[in-house]
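Colleague: For the record, the sequence lines run as chains A and B.
With my numbering, the residue at position 191 of the first sequence is 191, and numbering never jumps.
Quick note, my numbering runs 1000 ahead of the 1-based positions in the second sequence.
Hints listed in this document are in silico derivations from the structure and should not be mistaken for laboratory results.
Take these hints with a grain of salt, some might be off.
As the list claims (entries may be wrong) - With a Cα cut of at most 25 Å, we get these calculated SDA-like pairs of lysine to any residue: (1) A:Lys-148 x B:Pro-1202; (2) A:Lys-148 x B:Val-1307; (3) A:Lys-148 x B:Gly-1213; (4) B:Lys-1049 x B:Phe-1039; (5) A:Lys-148 x B:Phe-1039.
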Amino acid sequence: MAEITIAGINKSFGETRVLSGVDLAIRDGEFLTLVGPSGCGKSTLLRIIAGLEHQDRGSIAIDDRSVDEVAPKDRDLAMVFQSYALYPHLTVAGNMAVPLRMRRQSWLQRLPVLGALMPGAADIRQGIERDVLAAAQTLGIEQLLDRKPGQLSGGQRQRVALGRAMVRAPIGFLMDEPLSNLDTALRLRMRAELVELHRELGATFVYVTHDQAEAMTMSDRIAVMMDGEILQCASPDQIYHDPTDVRVATFIGAPTINLLPAEIDGDGDVRLFGVEAGMRTSLPRGQVSLGIRPEAITLSPVPTPLQGVLRHLENLGAEVFAKVEIRDLEERVTLRLDPKIARGISIGDPLALDFDDDAALLFDQSGKRVAVDSIDTSSEKRVMASV
Amino acid sequence: MAWLLMLPAITLMLLILILPVLIAAALSFSSYSLGSPNFEWVGTENYEKLFTRSTYNKMFTATFTYVLVVVPVSVALGLGAALLINSLRIGRDLYKTIYFLPVMAALLAMAIVWEFMLHPTIGVINATLESGCSSPFWYGFLTLSWLGVDPATTWYGQACQDHFPLWLGDKQYAIWTICFIGIWQAFGFNMVLYLAGLTAVPRELYQAAEMDGAGSAWERFRLVTWPMLGPTTVFVVTITCIRSFQVFDTIEAFYPQGGGPGKSAYVMMFAIYEKAIQQNLIGIGAAITVLFLLFVMLLTLAQRWLVERRVHYS
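Okay, chain A solo, but in the shape it has when bound (with noise of 0.2 Å):
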């Protein structure tokens, strides 16, 4: 059981600082991911939470009580490091052996060869190696605990380091970027088996990622990091459409959302290419950006304001995307075709692009996301007949 409270935490590099103000309450047995472009702090904050660094301001709780002074060992987290930091020396049972031996065992009972001889060590040593081959048979690995970490392959490795990071049943696993150094099937395949394993142990996961597929597909609840700061913690469904700040709908979703600048005007209603869009907002006149996600725009048979020339096509299989240049946007306008359609236009064609209204999301000048009312939900205000 363990609930991780996070409240107020500052942490500074010299003159760099790299976690302002932070908070974050992690639920019981959650599965929480911390994601963020690399070097927003995230990997900072879990070794906080590890205890392997110390923050200048705030504080950590597990459960209700104060770590900020408790050593790494004596909070009860276990760590998953992306090196996984497997000890070369030792054979697979003696790597996830060490957690238990350093708890169990006193300094006596650990000397290397007269340890043996010290009173109680059998039974203690055989307890050990119980639990050991009860993890390893989890994960699936008690073929291997003879071999050393040099002679296993990365996928192998990586369930060695979750193995010594679950054989003590710690209350909550910390977890630093643990796929990223295995080949793309393999971290597919890892990715449910972490969310198994989690659903198995009932324990608290905190997961950091700069993979945001990783995150979508693994969290409970996603706490998306940037500058330092947490944007925005909510579960995967809610980051995706119902993102607080610009920077959060960028990072998240992939291709990346559709930013077309508009604006308001005297009336509240939003103004695209100077054609009201069917929005209204309590916004005062103004520049917004309208963010589209490309699975919410189609292709529209007759005129729109967001007209274009097809530039690109990426085609995924199950469904292609098309980048269109629209006349005075920098950022080329990508959409999701389904494969069908996309068979029926090429390079070249000019495009007009419709999109749904209620998957579009409006944010103001400093990124911050502003509640919008579809006023008109027929696209007929949007077609063009004047132009």
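Let chain A serve as the given structure and place chain B on it in line with the hints.
Modeller: Below, chain B alone, put in the same frame as chain A:
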């Protein structure tokens, strides 16, 4: 074709390495001396002398004392210094330079300086030690009287009453003093090798050890540092062994005429030099050389075996 390409290297190796060794091995079974027309095969007579005569007995004692003292102490000090320097935030380079200076200095020149310092009457070492006798604090401290020991029974108390050692001139102290200078000279080199080894230890391993429950610095050293330094240690021990077997400069500087008081510092290298060059007894000199080569070869083989079996983990 391949043979042709290897030919220059093989020719050179044969000419300047293998051939001299073979000649030395052959000469060790003869009574040859340079310029003498007589050349006689004497069989294993030279080797028999090596293992029976007391001079050579002293040679082995001095050599092995030197190796067995200098190797462990300078390796341990080198490792200790490397760990301490590695844990520093500032001043690393300063300490590295200080400890490495003796390695860079010519040992022969340093030996002359040490000779002055160790001089029984005008040397700074005995002068310093003597000045402590008249200071109640230092006298009390060094004679361990604060532990309740009778000052007169301790080494320092005795020396204050009598006289301080002659160091290089005393049969009891000579080889240990030579060892001390050898350690002083060698450990800086070991320190540098260990520092290089330490940079190769991934930081994440220490953090993993900390998470796994290795709370104290000693536990992390046992779990991570020492095993990860295995290859370095094997190399450091081998190279220090070979260099210790080769000790010559200090002995030659201190005792140009014969290997110290009562031949107590008569090490192998000096014996080779004395027998083969000074006394022109090439045969016996060659026999010592062959033995010396044998030791070095055994060490190298042991290193190879260890490196391949034990300390390279992948």
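Colleague: If a hint holds in the structure, say so; if it does not, say that too.
Modeller: Hint check results:
{"no.": "1", "hint": "A:Lys-148 x B:Pro-1202", "in the structure": "holds, 17 Å"}
{"no.": "2", "hint": "A:Lys-148 x B:Val-1307", "in the structure": "holds, 16 Å"}
{"no.": "3", "hint": "A:Lys-148 x B:Gly-1213", "in the structure": "holds, 21 Å"}
{"no.": "4", "hint": "B:Lys-1049 x B:Phe-1039", "in the structure": "holds, 18 Å"}
{"no.": "5", "hint": "A:Lys-148 x B:Phe-1039", "in the structure": "violated, 59 Å"}
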